[in-house]
Every structure is written in C-alpha cells, then in structure tokens.
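> Keeping their order, the protein sequence lines are chains A and B. Its first residue numbered 1, the first sequence is counted upward by one per residue in our numbering. Its first residue numbered 1, the second sequence is counted upward by one per residue in our numbering.
No wet-lab data here; the hints were simulated from the structure. It is possible that some hints are incorrect.
Calculated cross-link-like contacts (lysine-lysine; reagent style DSS-like; alpha-carbon spacing at most 27 Å) [claimed, not checked]: (1) B/K131 - B/K54; (2) B/K189 - B/K55; (3) A/K182 - A/K108; (4) A/K120 - B/K109; (5) A/K125 - B/K131; (6) A/K125 - B/K215.
Some chain A residues near chain B, calculated using beta-carbon distances under 8 Å [claimed, not checked]: (7) S49; (8) V71; (9) Q74; (10) L88; (11) S89; (12) P92; (13) F218; (14) R222; (15) A226.
If you want the footprint, here are the derived chain A segments under chain B, 3+ residues with CB under 8 Å [claimed, not checked]: (16) 58-69; (17) 203-211.
Ideal placement from N, C-alpha and C gives every residue a C-beta, glycine not left out.
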Amino acid sequence: MAGGDDLKLLGAWPSPFVTRVKLALSFKGLSYEDIEEDLASKSELLLSSNPVHKKVPVLLHNGKPICQSMVIVQYIDEAFAGTGPSLLSSDPHERAIARFWAAYIDDKLVTSWVQSFRGKTEEDKSEGTKQMFAALDTLEGALRECSKGEGYFGGESVGLVDVSLGSLLSWLNATEVMSETKIFDPIKTPLLAAWAERFRELDGANAALPETDRMVEFAKKRQAQAAAAAAASDN
Amino acid sequence: MAGEGDLKLLGLLVSPFVVRVRMALHMKGVSYEYIEQDVIDKGELLLKYNPVYKKVPVLIHNGVPLCESQIIVQYIDEVWPGTNGSSILPADPYDRATARFWAAYVDDKLFPAWLGILKAKTQEERAEKVKETLAVVELLEAALAQCSNGKPFFAGDSIGFLDLVVGCNLLWFEALRRLFGVTFVAAGKTPLLAAWAERFGGTEAAREVVPDADKAVEFAKKLMASLCSAPVANAS
C-alpha cells in the first residue's frame, strides 16, 4: 500500500454493503482500520462523514469521506489503480456491462430478498421470494455472458459484479439454512451455484465474509425482535 | 464524425434520462440516429434491446445495446474521451466519487419525488410529494455550493456529469409549475441553484437538446390520463 494512505472503514459486520467494501479492499490487498459502528447509537464521526444518509459503509481516505457502497468500490479501484488487480476492465463496453449488472443486483436481487425477509404479510414475503428467484435466473444468464467460459463475472479474475453479488453470500447462505431451501440451486442455476462455491473459497473473500453461522444467529435474533415488537404493538 | 460506428438512441424526448444522454452525445459532437419510443405502449425495439427494464434511454452502438442513463453517459465519456475538448466526468477519483454520490442521490430521491406529484391520487399525497421534492432541492443547493466551489457549474467552469444529471430535471420543474403552480428552484430560497439553472439552460447542449416544457406538460397529461388519476389542477 502506498505510503501515507490512511484508510478507515466505518461499518457494521452484518451489513452486506459494508462487506462489499471489505471485499474490494481485500481483493486489492489494501490494509485499513475496521471501525465497527453501533447503528443504534451512531458515532459523531459517522454522522459528520455521511450527513445525507447517516449510514454505513463510509470509507475515510486520509480523512476524506466516501459514501454509498458502489461509489466506494469504484473509488477504491480508481484511487488505487496501481495496487492489486483491477475490478473493472479497461474496455468501455465491458465496464458498462459490469456497472449495469452491479446496479441490477441492488435494484432487483437485494430489494426482492429484503421483501422475502421483511415483508409485512405472508403474501408480500412470498412475492419477494418469487422475484428473488427470477432475479437469480437473470443473473445466471448474465454470468454465462460475462464470464466467457471463465470462472467469474469479471472473467478470469473477480471484478465489480463478483464483489457486488459476493457481498450478499453470507446473508443468502443464512437464508438457505433458515428456510431450508436452496437459493444457489445447482439444478436451476448451475453456473451461479458453482460460482458461489468458487468465490467463497478465495482468500480475499474468506477474509471479508462473515461466517454463515454467525449470520444465522444474528438473523434469528433480529426475527425474534421483530416478532416481539409486532406482538407488543398488537396489544 | 469518423470512428463513431453505428449509433442509435431509443428515447422519449421529454424523459430527463434521455435528455442527459443526448446532451452528453452533443457535448462530444457525436452523431446518431434518434428513434422516439412510445413508453406507455411499448414497442418491439424497446423490449428487444432492454429486456431487463424495458425503459429508455437505450444506446445501441454497432448493434450492441447499453442501458441505464448514468452508465450510458459514462460509456460515452470513456469511448470519446476529451473529444471536442469536453470531459464529462472529472479526472480526480475523489471528485468522481463525489459526482457519483450526488448523481445516485438525485436519481434515488429527486426523480421519484417529483414523479410522485404527477402520480398522486389525492391532494394530500400530492402535497406530501411536493414537500419531499422541495427538501431534496434544498440539499442540492448545499451540494452545488460544495461541488462548484464558487465556479459556475457543479463540475466547475463548464458542465459535467452532475450538471447533466441534475439539469435534465429542470424542464420538468417548469412543467410542474405550469400544471400545479409549484416552484421548486427560486432565487429567494435556492439562489445558487436558480443562477445555475439559468446558466445550464443557456448552454449550447441544453439549447439543442432540451425540449420546451410544453412538451413535458403534454406528456404529463397523457401519463396522468393513462393512470386515471385526479383531474389536473388549473394553473396558467
């Protein structure tokens, strides 16, 4: 890492958006100070660094804040262009395709998965699940197109889309455990299923992804809290 | 112009997302075939070239489609870098991150808020969306102060990425003023934005590309009729 580069990440370990930034830093081989925020009691540093959204992740580079996970990942790739592998191709068309699928993952996959978890009614939740599987179907096609026969969306090595989707793995794996259904089904979406296994085994991914068990425990606690709150408000 | 290949743009003249792409193409001096789409009753071309979202704009370069306006603008900037002396995104990575941050904010918060004004089914809903839009505009005033650093545009001396992303909404602010009598950018409340809006409108790219607000009003009426929403308020 270049001399004099101070990197701090304000984050919360369960957040997939924070994990996304950690993955990018990890793949680029960049060291940083990992500052865990208590989201119930946000620090002055977080509030002053991200006054618009007041959310994690926030990357501080020599004290200057960068917010929004996709913006941060591209910043890391550009500011540290000489360090580690590039997360985006140098070809404008490939860059546009990668940005498109990265945006799709947040617009369609994350949104539907959140709905399947937090939907207010059973109908809401099952609609979310349906849309989530539809999005995964679309991403199977995207992987086939982007990988060009290699192992990753980025081709031979990981890129922006791998980081975007990879950041969701702990949560998706936890969901698989809790719902006892396969999300990365080797029959329905064989390329994605193989990709998920391959990605999880990368050193860079291992360093950044929370353990599935820890995520399951966290998710169960969250669900219990939500149920208790709902029950309390029904009285 | 040599070397640009075959370029087609599927669009809707009044769409802010299409306006920003057309302005980017104009800034680069690049010629293309423009094909207006019916976005209410979508045609084969749109469904074929944007199967995921079925929306405009779609840039088709040598037969290959590109979707999502911010992505298209960055593509145009990268394929024709510094052409015509204009660079759309700033060179410095931190400035680029700042521009992308605010661009994401504009599309996530500003567009749905003002679109909500058109789609509102009740007066209460409409008033709520107007309030939301004004709150976002207030924040953009601060963003402009921060980004421009005393210069005429978000990008500095001449228009850039964030100017395009914000500026393409101006014609709709004017349309909404004509439809509902609300003003979003006024010299009294947001002086920097008001002055910037005039400068933006006066640029060559804006004068060439941005349609008259009347066209947006016309489209709005068509859209609201198709949504069967509350009758349009009578404003001059």
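> Now tell me if each hint is right for this structure.
Here is what the structure says about each hint:
1. B/K131 - B/K54: With a Cα-Cα distance of about 30 Å, the restraint between B/K131 and B/K54 is violated, given a limit of 27 Å.
2. B/K189 - B/K55: violated, 34 Å
3. A/K182 - A/K108: Given that 27 Å is the threshold and the Cα spacing comes to 19 Å, the pair holds.
4. A/K120 - B/K109: Judged against 27 Å, a Cα distance of about 24 Å means the pair holds.
5. A/K125 - B/K131: violated, 31 Å
6. A/K125 - B/K215: violated, 41 Å
7. S49: violated, 12 Å
8. V71: holds, 5 Å
9. Q74: Result: holds, 7 Å to nearest chain B Cβ.
10. L88: violated, 10 Å
11. S89: violated, 11 Å
12. P92: OK, holds: A/P92 within 8 Å of chain B, min 4 Å.
13. F218: With a minimum Cβ separation of about 27 Å from chain B (threshold 8 Å), the hint on A/F218 is violated.
14. R222: Cβ of A/R222 sits 25 Å from chain B, so the hint is violated.
15. A226: Because about 25 Å separates A/A226 from the closest Cβ in chain B, which is outside the 8 Å limit, the hint is violated.
16. 58-69: holds (count 5)
17. 203-211: That given contact is violated, which follows from only 0 residues of the stretch 203-211 of chain A lying within Cβ reach (below 8 Å) of chain B.
Comparing the model with each numbered hint stated earlier shows that hints 1, 2, 5, 6, 7, 10, 11, 13, 14, 15 and 17 do not hold.
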